Structure formats: C-alpha cells, structure tokens
Amino acid sequence: MDSDTHLSETTYRDALRRALDESMREDPRIIVIGEEVGRYGGAYGVTKDLIDKFGDARLIDTPISEPAIVGAAIGAAMTGLRPVAELMYVDFLGLVMDQLANQAAKIRYMFGGQIGVPMVLRTQGGTGRSAGAQHSQSLEGWVMHTPGLRLAMPATAADAYHLLRHALTLPDPVVFIEHKALYARKELVDFAAPVPPWGQAVIRRAGDDVCLVAYSRMVHVALAAAERLAERGITAEVIDLRTLNPLDMATVAASVARIGRAVVVSEGYLTAGVAAELAARISEECFDFLEDPVIRIAGEDVPIPVSPALEAAAVPDAALIVETVARMLG
Amino acid sequence: MDSDTHLSETTYRDALRRALDESMREDPRIIVIGEEVGRYGGAYGVTKDLIDKFGDARLIDTPISEPAIVGAAIGAAMTGLRPVAELMYVDFLGLVMDQLANQAAKIRYMFGGQIGVPMVLRTQGGTGRSAGAQHSQSLEGWVMHTPGLRLAMPATAADAYHLLRHALTLPDPVVFIEHKALYARKELVDFAAPVPPWGQAVIRRAGDDVCLVAYSRMVHVALAAAERLAERGITAEVIDLRTLNPLDMATVAASVARIGRAVVVSEGYLTAGVAAELAARISEECFDFLEDPVIRIAGEDVPIPVSPALEAAAVPDAALIVETVARMLG
Amino acid sequence: MTQRANLPLFDLYRTMRRIRSFEERVAELYVRGLSAGSMLHLSIGEEAAAAGVCAALRPADSFTTHHRGHGIFLARGADPKRMMAEIAGKAEGYCAGKGGSMHIADMALGHLGANAIVGGGIPHVVGAGLSYKHLGKDAVSVAFFGDGAMQQGILYESMNMAALWALPVLFVCVNNQYGMGTRVDRATRVTDFAARAGALGLLAESADGEDVTAVFSAAETLVAEARGGHPGFLAISCFRFFGHGRMDKSPYRSAEEEEAGRKRDPVLRARAALVTRGESDEAALDALDLAIAREMDDAIDFAAAAAPPAFDALFRDVFAPGEPAPEPLRARLDRVLAGA
Amino acid sequence: MTQRANLPLFDLYRTMRRIRSFEERVAELYVRGLSAGSMLHLSIGEEAAAAGVCAALRPADSFTTHHRGHGIFLARGADPKRMMAEIAGKAEGYCAGKGGSMHIADMALGHLGANAIVGGGIPHVVGAGLSYKHLGKDAVSVAFFGDGAMQQGILYESMNMAALWALPVLFVCVNNQYGMGTRVDRATRVTDFAARAGALGLLAESADGEDVTAVFSAAETLVAEARGGHPGFLAISCFRFFGHGRMDKSPYRSAEEEEAGRKRDPVLRARAALVTRGESDEAALDALDLAIAREMDDAIDFAAAAAPPAFDALFRDVFAPGEPAPEPLRARLDRVLAGA
Ligand SMILES: Cc1ncc(C[n+]2csc(CCOP(=O)(O)OP(=O)(O)O)c2C)c(N)n1
Ligand SMILES: Cc1ncc(C[n+]2csc(CCOP(=O)(O)OP(=O)(O)O)c2C)c(N)n1
Ligand SMILES: [Mg+2]
Ligand SMILES: [Mg+2]
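Residue numbers (the working numbering), protein chains in the order written: chain A, 1 to 330; chain B, 1 to 330; chain C, 1 to 340; chain D, 1 to 340.
Just so you know, these hints were derived from the structure itself, not from any lab.
On a predicted model such as this, the values are computed, not experimentally measured, just so you know.
Where hints are given, some of them may not hold.
[Claimed, not checked] Straight-line C-alpha distance at most 27 Å; calculated DSSO-like pairs for lysine-lysine:
1) 53/B with 133/C
2) 180/A with 53/A
3) 186/B with 249/C
4) 48/B with 180/B
5) 53/A with 137/C
6) 53/A with 249/C
7) 180/A with 48/A
[As the list claims (entries may be wrong)] Quick list of the computed label-pair ranges, beta carbon to beta carbon:
8) 58/C with 55/A: 23 to 31 Å
9) 338/C with 208/B: 19 to 27 Å
10) 27/D with 250/A: 32 to 40 Å
11) 235/A with 310/D: 48 to 56 Å
12) 231/A with 27/D: 55 to 63 Å
13) 250/A with 321/C: 21 to 29 Å
14) 255/C with 60/D: 57 to 65 Å
15) 310/D with 55/A: 47 to 55 Å
16) 338/C with 203/B: 49 to 57 Å
17) 55/A with 11/C: 49 to 57 Å
18) 60/D with 58/C: 57 to 65 Å
19) 338/C with 200/A: 55 to 63 Å
20) 305/D with 203/B: 51 to 59 Å
21) 59/C with 52/B: 50 to 58 Å
[What the hints assert, rightly or not] Stretch-level coverage of chain B by chain D, calculated; a stretch enters the list once three of its residues show a Cβ under 8 Å from a Cβ in chain D:
22) 96 to 105
23) 161 to 172
All C-beta atoms in this analysis are idealised placements derived from N, C-alpha and C, irrespective of residue type, glycine included.
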C-alpha cells in the first residue's frame with residue numbers, strides 16, 4: 001500500500017487499514033479500542049502494524065470484556081475522543097446490545113440533544129470459514145432495527161475505505177460491519193476517484209429484467225448471478241446499498257419502478273431481518289410497478305452449522321438467485 | 001381468582017399468575033427465577049403470593065445479573081428443570097441477547113439435537129407508563145429474527161393464560177412478552193373454553209374491507225379502530241397473531257386474499273421489525289389479491305421519550321389506523 | 001497523601017438539606033399527578049453520599065449516576081427548576097422533557113448522564129478516564145451506582161480496565177441496603193464490597209453514609225489518588241428511607257428495620273453536629289431550611305407551569321442536526337398512499 | 001476435610017498422553033485440510049488441568065468448557081473417533097457435524113457443551129447446580145474457562161450466584177497465560193485470580209498446572225466441598241505451548257518465553273516421575289505412548305472416512321422433532337413463485 005499513488009491493487013483488508021491510518025493521522029482524537037487490535041494487529045489483520053505508527057495509547061488492546069469495551073468507547077466519545085471500538089465477531093453483539101442500543105443509540109435523544117456519541121463500532125460477520133453458529137452470523141438486522149445507529153456494510157475495497165473514512169467524521173454512532181470472506185478480496189482501487197456520499201447506494205451493474213438489491217458479500221453473489229443470467233439473455237441490475245442506515249430507497253425505487261421486478265439478497269436470517277425491510281419498502285414504494293412480489297433470498301432461519309457443506313447451504317448463493325430469477329421471468 | 005369456576009372476570013395479570021400457579025402445581029420441575037419474582041411478587045405483580053405457595057426454592061429471587069439469570073435458566077433447563085426466567089423489562093434484552101440468541105436458541109442445533117432448552121423467558125414491554133427510552137420498548141423484532149426461539153405475545157387475559165400454560169409444556173425456549181399496559185385489563189375469561197392451538201392466530205373481529213393484523217396491545221388499538229371504522233361503514237377484520245413464532249400465515253393469508261387490503265400494526269420500531277416481516281410475507285403470499293400495498297403502522301424509528309404526550313405519539317394509535325384505512329378506501 | 005480541604009460542615013449540610021427538600025417535592029409532584037410517569041426513585045437517606053463525594057470533585061470532573069441520582073446532581077450544582085421540569089417531562093427540563101427522572105444529564109456540569117439500566121453508566125467513566133488521560137486533561141470521572149449494581153458483570157469489567165490502565169476514575173457504590181425488595185444480603189453472600197474492588201487492584205475504601213464528613217474525607221483521598229492515576233472504589237453504607245419507587249410501600253421489610261434505618265439520618269446528624277459544635281444554631285438552621293423549602297417550592301411551581309415539548313421534538317435528536325433523520329410515519333404513509 | 005482417593009499417577013499420565021496425542025492429530029487434520037474450518041484451539045500444555053480436575057469428578061457430575069476443550073472432554077472419557085469426526089464436521093461426530101471443535105457436547109458424559117463465546121458456558125453450571133440442589137441429585141457441575149474469561153462480567157455474576165445459593169458448583173480457570181495474543185498481565189493488573197473468587201465467598205485455590213497430582217489434589221478437595229454446598233474456584237497455571245489457533249504463530253511473544261513455557265510440560269513431568277518413583281519404566285511408557293498414538297491415528301482415519309451430514313440436516317434440530325420447523329427458502333420460493 002503506497003499512500004502516494006491513488007490507483008492501486010488493494011485488498012478489502014488493506015483498504016480498511018489505509019482508512020484507519022489516514023484518518024488517525026488527520027484526527028488525533030481517533031483511538032482504536034478492542035481485543036487484539038494492537039500488537040496482534042486484529043484477529044483478521046485489519047489493524048496490523050498500526051500500533052507501530054500510533055502507539056499503544058491509540059491502539060488499545062483490551063481485556064475480553066465486550067460490554068465494557070463498547071461502554072468505554074461511549075464515555076470516550078462523550079468526552080472528546082472519537083473511538084473506533086472493535087468487536088471481533090458480529091456474533092458478540094449479543095453481549096453489547098445494551099451498551100449499543102440502550103446507551104450509544106439513545107444518549108443524544110434521551111439527553112435532549114446535548115451531546116452525541118461519535119464512535120464507530122467496527123466488526124465483521126458472515127459465513128465462509130466454517131466457524132460455527134456463534135462466529136458466522138449476519139446480525140445487521142438487530143442493528144437496523146435500532147433507532148439512533150448508522151449502519152455501513154461495504155462490499156468492495158473502495159467502499160471499505162471510503163465508508164470507513166466517512167464514518168470517522170460522522171457525529172453519531174456508526175456500526176460498521178465487514179465481511180470475513182471479503183478481507184482477502186483484491187481490487188483495483190482509485191483512491192482519488194469521486195466518492196458517492198454516505199448513504200447513497202450504487203448501481204454495480206445495469207440491467208432491465210430484474211433488480212437485485214444486495215449489500216456486503218451478497219453484492220458479489222448477485223453480480224455472479226447477473227453474469228450467469230446474462231448468458232441466458234436476462235439482464236439483471238445489481239444495486240449495492242453500501243449503507244443500511246441511511247437506506248437509499250430513492251435509488252432502489254427508481255430502478256425497481258423502471259424494471260418491475262425485484263429480488264433482495266441478504267446473508268442475514270430471513271425472518272424479520274434486512275431482507276424483510278427491503279421487501280416491505282419496495283412493495284410500499286413501487287406497488288404499482290411490480291409484476292411479481294418482491295422476492296427475498298436470505299439466510300435460512302437456522303443457526304449456521306459448522307460442516308462446510310451445510311454452512312454454504314445456509315446462506316444464499318448465485319445458483320439460487322439465477323434459478324429464482326429464471327422462474328420469475330419464465 | 002377461584003380456580004374452581006371456569007368463567008371469571010380476570011385481569012391479564014391474574015390470568016398469568018393463574019397459569020403459573022396451575023402449571024407449577026402440575027409440574028414440579030418448573031421454577032421461576034428472576035429479580036423480585038419472589039417476596040416482591042414481581043415488579044408488575046404477576047408472581048404475587050406464589051412464593052407462599054411454592055416456597056423460595058421455586059420462586060428464586062436473584063441478584064441483578066440478567067446475563068447470568070438467563071444463563072442459569074439454560075443450565076437448569078438442560079439438567080432437568082423447566083425454568084421460567086423473568087426479565088423485568090424487555091429493554092434488558094440487550095444484556096442477555098448472547099445467552100438468549102447464542103446459547104438458548106442454538107444449543108439444540110449446535111449439539112446435533114442431543115438436548116433442548118425447555119425454558120420460558122417471561123418479560124414485558126411497551127409504552128404507557130412514561131418510563132422512558134430504556135423501559136418502554138417493544139423489542140420482539142430482535143427475538144423474531146433469531147432462529148431457535150418461540151415467541152408469544154398475548155393480547156388478552158385468556159391468551160395470557162393459555163399461551164403461558166402451553167409455553168410451559170414446549171420443548172424449546174419460548175420468549176413470552178407481556179405488555180405493561182395490559183396487566184390491569186379485565187376480561188371475562190372462560191378457562192374451560194376450547195383453546196386455539198399454539199401458533200394459531202385468531203380473528204378477533206370479522207370484516208370485509210380491510211384486514212388489520214396485530215398482536216399484543218395493538219390488537220386492542222386495532223379493535224378500537226375497527227369500531228370507529230364501522231361507524232363510517234367500513235368493516236375491518238382484526239387478526240390477533242398471538243404468537244410470532246410460529247407465525248400463522250395461513251390465517252392471515254386467507255383473510256387478506258379474500259379482502260385484498262392489509263394493514264399490519266406493531267408497537268415495535270418500524271424499520272426491520274415485525275411489521276416489515278408481516279408486510280413482506282403478506283406481499284409474497286397474497287400478491288395477486290392485493291389492491292393496495294400492505295401498509296405498515298408501527299412505532300416511529302425514534303427512542304421512546306419520557307414526556308407522556310411524546311410517548312403516545314411515538315407508537316400507533318387508533319386514530320392513525322382509522323385515518324389510514326379511510327384513505328386507502330377513499 | 002492528600003491535603004484535607006477545610007470544607008465547612010455547614011456547606012455539606014446545606015447541600016444535603018437541599019436534596020432532602022427537593023426529593024420531598026418530587027414525591028409531591030408525583031402525588032399531584034405532575035410527574036412524567038411513575039419511575040421516581042428518591043434518594044432520601046443517601047444525601048451524605050451525594051454531598052460528600054461531590055464536594056470532593058472539581059469543576060472539570062465528570063460523573064454518571066444510576067436511576068436514583070437526583071441528589072448527586074443537586075450536590076453537583078444542578079438547577080432544581082430544570083431538574084423538576086425534566087422530571088415532569090417538560091421542554092424546559094435538562095433534557096427537553098425526553099429523558100425524565102432516570103435520564104437527567106448536563107454536559108455543562110460534567111453530568112454524563114443518569115441511567116435506567118442498572119450498571120449501564122458505569123463503563124462510561126472508564127471511557128471518560130481514557131479521554132482525560134489521552135488528552136492530558138486534569139480530570140477525574142466518577143461512577144455512582146447502587147448496591148444492586150454490585151452484581152452486574154459490567155462493573156467488574158469496568159473496574160478491571162480502570163485498574164489495568166491506571167485511569168483517573170472512581171467507582172462509588174451507594175449501598176442503601178436494598179435493590180428494590182432485595183436486601184443486600186439476599187443478593188450476595190459477602191457484603192464487603194471493597195474487597196472485590198481491592199482484588200482487582202483498585203484503592204478501595206468504605207465509608208459510613210450517615211456521616212457526611214467521613215464520606216467527604218474518604219472521597220477526597222480517593223479522588224486525589226484517582227487524579228494521580230490510582231483508580232479507586234468507595235462503598236458508602238446508608239439506608240433507603242422509602243420504597244424503591246413511589247408505589248412501593250416496602251412490605252418486604254419490617255417496621256423495626258425501617259425505623260432503625262431511618263435513624264441513620266445524615267441530614268439530622270449533620271444538623272445536630274452543627275449545633276453541638278456551635279457552628280450554627282437552631283434558628284439559623286431553621287431559616288436556612290425554610291429558604292431551601294421555598295426554593296424547592298418554586299421549582300415545583302416552575303415545573304408545573306412549564307410547557308410540554310412540542311410534537312416535532314419527537315423526531316429531533318435521534319441523529320445530529322443536519323444529518324438524515326428518521327422519516328415520520330405519517331410522512332411515509334402520505335407517500336405510500338399517494339403512490340398507491 | 002476430604003479423603004484422598006489413591007489415584008495412580010499412571011492413570012493421570014495416560015489421560016494426559018492421550019490428550020497430547022489427540023491434539024497433535026487435530027493439528028494434522030487441519031494441515032491435511034480435513035478439519036471443518038480453522039477454528040481449532042489446541043490444549044497442549046494444559047493436560048494436567050483437564051486430567052487432574054476430571055479425575056476428581058464422578059459420573060453424575062457435569063461440566064461446560066470453553067473453545068479449548070478437547071482435552072477436558074477426553075479426560076472425561078470421550079471417544080476420540082467421534083470427537084475427531086466432529087472436528088472434521090462429519091455426521092458421525094458428537095454433534096452430527098453441526099457443532100465442530102468449539103461446540104462439542106455429550107449429555108451422556110455430562111458434557112453440557114463447549115462454547116465459542118468466551119465466558120458463555122459459565123452460567124450454565126450455575127443452572128445445573130440449581131437443578132441438582134432442587135432435584136436432590138448428588139452431583140457437581142464444573143465450568144472450565146481460560147484466563148481471558150476472568151475479565152468477562154458474566155463470570156462474576158455466576159460466581160456470586162453460586163456462592164449466594166450454596167450451589168454444588170466449581171469454577172476452573174485454566175490460566176495458560178494468554179488470551180489470544182494478550183498475556184494475562186496485559187489483561188488485568190492483579191493476576192491472583194483466586195482472591196477475586198474469595199471476595200465473592202467461594203472457596204478459592206490455585207494449583208500448578210505442571211503438576212497433575214497437585215491439580216488433582218486441589219480439585220478433589222474443591223469438588224468435595226462443592227458437593228457439600230460450598231462452591232469453589234480453582235486457578236490452574238500452565239502455558240499454552242502453541243498459537244491461539246492454528247494460524248497463529250505467536251509473534252507477540254519471545255522465543256525465550258516460549259521455550260521456558262514449554263519446559264512446564266505436565267506430560268513429561270508425570271512421565272519422569274513415574275520412572276523416578278519406579279511406578280513404571282521407559283519401555284512400558286513407550287509402549288503405552290505408541291498404543292495411544294495408534295488409537296489417535298485411528299481416530300483421524302475414522303474422521304477422514306466419515307460422511308458429511310446430509311443436506312436435510314440443515315433444517316433439523318432448530319426445534320424439537322415434531323415441532324413446527326423453519327420453512328426452507330426453496331420451499332417458500334416455490335410457493336411464492338407458484339402463486340405469483
Ligand atoms: C439492568 C437492569 N435490571 C433491572 C432493573 C430494574 N431495577 C431498577 S432499580 C433496581 C434496583 C437497583 O438497586 P440498587 O442498584 O441498589 O439501586 P437503588 O435502587 O437501591 O438505588 C432494579 C432491579 C433495571 N432498571 N436495570
Ligand atoms: C465473547 C468473546 N470474545 C472474544 C472472542 C474471541 N476469542 C476467542 S478465544 C479468545 C481468547 C480467550 O482466552 P482465554 O480465555 O485465556 O482462553 P484460551 O484461548 O487461552 O484457552 C478470544 C479473545 C470470543 N470467542 N468470544
Ligand atoms: Mg440499593
Ligand atoms: Mg488463556
């Protein structure tokens with residue numbers, strides 16, 4: 001990674017590190033606090049070597065105390081710092097939902113607007129490593145259902161960089177969920193290219209027959225499906241939401257209204273999750289344009305099994321999208 | 001409350017107590033464990049006097065340690081007891097989501113079906129007491145989004161009784177969410193009347209113009225709206241879901257398919273919550289029958305303010321339903 | 001180790017009397033149906049903890065409190081009018097009527113917030129301590145909580161972090177003997193809380209909450225140590241004179257226990273000491289008490305007269321001003337119904 | 001207080017050797033690409049904790065473990081074949097291939113489950129203890145966890161409950177000096193963990209995890225006490241010989257530290273003692289080791305040959321058999337697309 005060149009082959013992991021590195025250089029109030037973020041360099045290597053640049057007062061290795069990590073980040077954010085708290089796995093949200101949802105998300109409101117909690121909770125989720133039921137979930141649904149929290153879920157290295165850079169300037173708590181299966185994904189990133197604003201979705205592929213709405217790793221699954229659909233003469237538009245709060249329904253609705261068919265794709269559990277929200281909103285906003293019901297393709301409503309074959313079957317894949325779209329249009 | 005008569009004027013609170021009382025008499029494995037469930041009789045009086053009947057080995061007052069309360073209930077359930085853990089406010093779910101969602105909900109699955117966790121997590125939620133942002137929420141959305149958990153949300157005294165009685169026989173963890181504003185609600189209950197099975201919704205009022213789908217306190221709000229709509233010549237069918245897992249879509253879909261219009265009503269936050277799931281499912285299953293998009297009336301996406309006027313405005317009321325339905329049909 | 005400030009008992013008495021008087025008015029507010037909700041937790045009997053610890057703090061210091069925090073905030077210098085207005089859910093309250101009794105906060109006075117989650121505010125002072133250390137700010141942050149919170153896991157995580165990182169932090173347990181209806185010895189086998197903190201490496205002390213001077217003196221030492229990077233813990237033993245909340249008549253404890261507990265009255269004890277020591281006399285104290293009573297009557301009148309928040313406050317302050325805000329349901333319905 | 005069972009060191013050695021041998025095969029499984037995932041945590045160096053404590057348990061007793069629990073379960077009598085198959089994610093594994101290394105459980109052997117949430121399994125033994133007490137069952141439940149879990153709040157909540165209710169429960173901290181890359185003295189200021197448990201009213205002891213006899217002896221006392229309603233805590237000091245997981249090469253610690261740590265080898269120490277004391281000889285021990293190695297080779301072959309779970313297992317066991325099950329996505333899509 002060379003911060004002088006703007007165009008470079010970069011992994012998602014390195015893009016995140018670059019974002020942290022640059023933001024920390026610009027803003028001395030930023031600290032990173034979490035388990036193994038310092039000397040170890042992060043369980044997935046995102047903060048590797050940053051401790052050498054910024055020291056252990058800014059890369060703070062913590063005990064294994066998730067609730068207090070988030071709580072400490074809140075207190076720090078209220079008193080002049082801009083903490084990046086790291087939760088090693090999004091599955092550990094269950095330990096911190098009180099601090100996240102009852103404290104961070106509500107402090108500005110409960111206290112009548114006196115103060116905000118400008119912190120970023122970085123974590124990672126998803127399947128792909130046979131890590132079992134407690135280390136493979138996609139729990140963004142809980143976060144999206146909590147007023148007061150921003151929520152970013154980058155799919156690409158460029159977005160990992162830009163969204164994290166942006167998150168580190170926002171006045172409110174941001175939950176930033178990376179995907180464990182994307183860290184090693186490489187991509188040519190133009191760091192100087194104009195950036196869509198925070199909260200704006202992007203159309204990753206244009207098409208006319210169906211609109212695939214996805215985020216995080218599922219963007220790539222949807223793109224793979226679109227590729228295969230193209231072979232069958234079906235053109236799929238693929239929208240990458242980038243952030244779930246704010247949710248850019250304008251982009252989605254414009255696309256679905258034009259096309260008339262939508263499939264939403266989420267790795268999270270199907271029931272009462274992000275896919276439900278997307279389907280409900282699209283149905284509300286594009287009702288008169290829909291030729292089919294909005295189709296949800298999401299994680300099965302089962303815990304994630306450790307067996308690699310079962311794990312893969314528990315979440316959406318391109319084949320299922322292709323098959324489903326083909327049936328919709330058939 | 002006289003357990004010899006079957007028909008009696010009963011509050012929701014007393015119905016719950018009666019269910020606990022009878023089930024505990026029948027099944028010596030049942031224990032109740034939670035803060036103030038014993039001598040105090042429960043923060044909302046549900047377990048009042050039960051300690052005199054069953055003793056402090058079965059009504060176990062605990063320290064203020066929510067994660068360990070749920071964790072202890074899990075261990076007890078795995079070793080031969082049938083615990084009823086009480087969480088004083090559903091808002092405290094944030095403290096126990098790890099034990100609830102990563103442990104209780106997944107143990108049967110992770111361990112290959114060796115063992116289940118037959119416990120009931122009783123709690124209460126909702127607005128109505130100006131209890132503020134951390135004591136007034138409706139967080140059933142988080143639970144419904146978690147595979148492995150049953151979820152009951154009774155609206156009536158009769159259901160409070162029957163659903164709790166039933167929950168105490170189920171082999172899997174049940175989250176049982178009462179509504180703080182319903183405890184004092186009185187109703188003539190026929191305890192001997194035939195009971196709809198667990199997981200079956202009931203039509204509380206028949207109608208032809210719109211189907212209102214609700215649960216918990218919102219059933220009464222929907223019924224009040226239906227009453228007012230009737231004055232305008234609009235007949236609303238009101239469905240009380242009773243349980244959210246399982247979710248009785250058969251009843252809902254049959255009604256909506258016949259009527260062609262649905263409004264789902266939930267006190268929980270709108271985004272990515274129960275209302276989203278209901279809207280998405282109805283849209284999926286009744287697409288060809290819908291004359292309007294499924295309308296969601298739910299809690300505003302804001303923390304619940306303490307000011308009574310603002311608190312009331314943060315959640316759905318009958319006026320909004322009436323107005324909305326009138327516009328749909330207008 | 002530290003230098004004793006020569007804080008007159010008179011000042012501590014005044015602070016305590018103001019708390020007592022205020023809390024009596026809060027009860028009145030409730031009875032008159034003017035409070036926002038019934039979630040009111042009075043700190044009568046705990047005045048010495050509030051007055052003693054807050055007197056040991058400097059203006060730059062900060063703190064969080066639990067749900068029974070009126071007294072602490074008053075001791076810190078809160079305006080009783082704005083407090084009472086907040087408790088009544090009015091727009092002129094500290095939190096614009098959105099927080100209420102359990103969520104009063106005031107950044108200007110270093111009050112990082114009252115919390116309705118038992119233990120919820122404790123880790124925030126760890127973060128504040130980190131900030132102060134990181135920014136080189138000479139300030140201490142204090143977490144106030146009850147004996148009930150001694151059984152919440154987050155306390156141990158927070159104390160461990162404070163000790164590990166040598167933060168300018170103090171943990172103060174206001175042990176009023178009860179968590180709702182549960183006497184402390186039914187919540188834990190060992191009620192010597194200081195030992196727990198000591199085992200984690202904090203400087204730990206206990207103080208008699210009937211004796212405001214003792215509390216002040218212990219707090220002063222511990223605050224000074226915390227300022228120097230030796231975080232501490234202080235257990236203050238007192239008695240919750242009344243029920244947990246306003247509807248709780250404490251049927252779970254005996255009349256004798258209540259009577260004995262209420263004899264441990266830090267306000268009366270300080271008053272008596274002032275007279276005995278000749279630092280004041282009954283007449284002067286009566287006059288002071290009366291002036292305070294009037295001030296608090298004014299607070300209640302202020303709250304009663306104040307306006308409730310305007311409807312549009314509902315959607316304000318979910319996020320910072322200027323940031324995308326949640327769309328009100330009616331606006332959404334308008335759009336959807338117009339489209340359909 | 002308790003009576004020393006005369007457990008021969010030879011048996012403890014055999015248990016430890018089986019663990020060591022098994023864990024070496026787990027590493028091989030991973031290298032051969034046969035493990036389900038990379039979440040494999042070897043307990044090499046910690047054998048005495050597993051062997052010593054489990055030897056003090058009776059068949060009716062139960063326990064939970066952390067993510068580094070292979071050794072504990074083996075010491076309890078697990079079948080290495082079914083363990084290895086589970087680690088490989090196969091249908092014949094203990095959990096039908098759905099749990100894997102971090103979620104092995106076996107109700108028949110009282111293994112209430114390994115847990116991948118640090119601290120997650122700790123409160124379950126409190127519940128088990130409640131059951132035993134309530135049902136009048138003569139059994140003890142033991143929570144095993146690492147030094148890292150000493151900073152998880154739920155441990156304190158659990159210890160407090162066990163002490164308060166005098167439950168037949170024992171908390172065992174396998175202190176291998178590291179939580180991932182964090183040495184224990186970077187996670188806490190005071191590493192004397194027993195003091196914390198003592199402050200909550202538990203019988204608390206420490207034992208040297210290089211000396212299996214010492215571990216056994218301490219465990220025996222504490223288990224007996226727990227059985228009598230005096231819950232306990234045992235901190236066992238040892239060293240994690242290898243990285244946290246299989247990909248971790250431990251760059252955060254020095255070669256010297258590793259070398260010194262690995263010298264604290266409970267297996268070799270017991271072996272040497274057996275020879276020195278004349279309870280066995282090199283030849284016999286070599287033969288034993290070889291037999292164990294063969295057994296473990298068989299386990300790896302068994303796992304390699306075993307079948308993966310069938311696809312429909314995906315939807316099984318979310319709820320009990322016969323109860324409404326989640327609808328598979330494809331079934332739903334069939335319905336929806338057929339309707340549309
Ligand atoms: C996490 C949590 N659990 C339970 C409650 C309900 N509750 C409110 S106050 C209280 C008792 C607290 O006791 P203590 O900490 O001693 O404070 P005190 O009320 O005595 O001042 C309880 C159980 C809560 N608000 N938050
Ligand atoms: C709640 C939680 N936090 C963090 C992790 C990630 N993690 C897994 S093991 C581990 C270290 C645990 O250390 P220790 O308790 O000492 O056990 P050891 O690995 O040394 O056996 C961490 C941080 C986790 N699995 N669960
Ligand atoms: Mg108390
Ligand atoms: Mg360790």
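> Among the hints numbered above, which are violated by the structure, and what are their numbers in rising order?
Replying inline: 1, 6, 10, 11, 12, 14, 16, 17, 19
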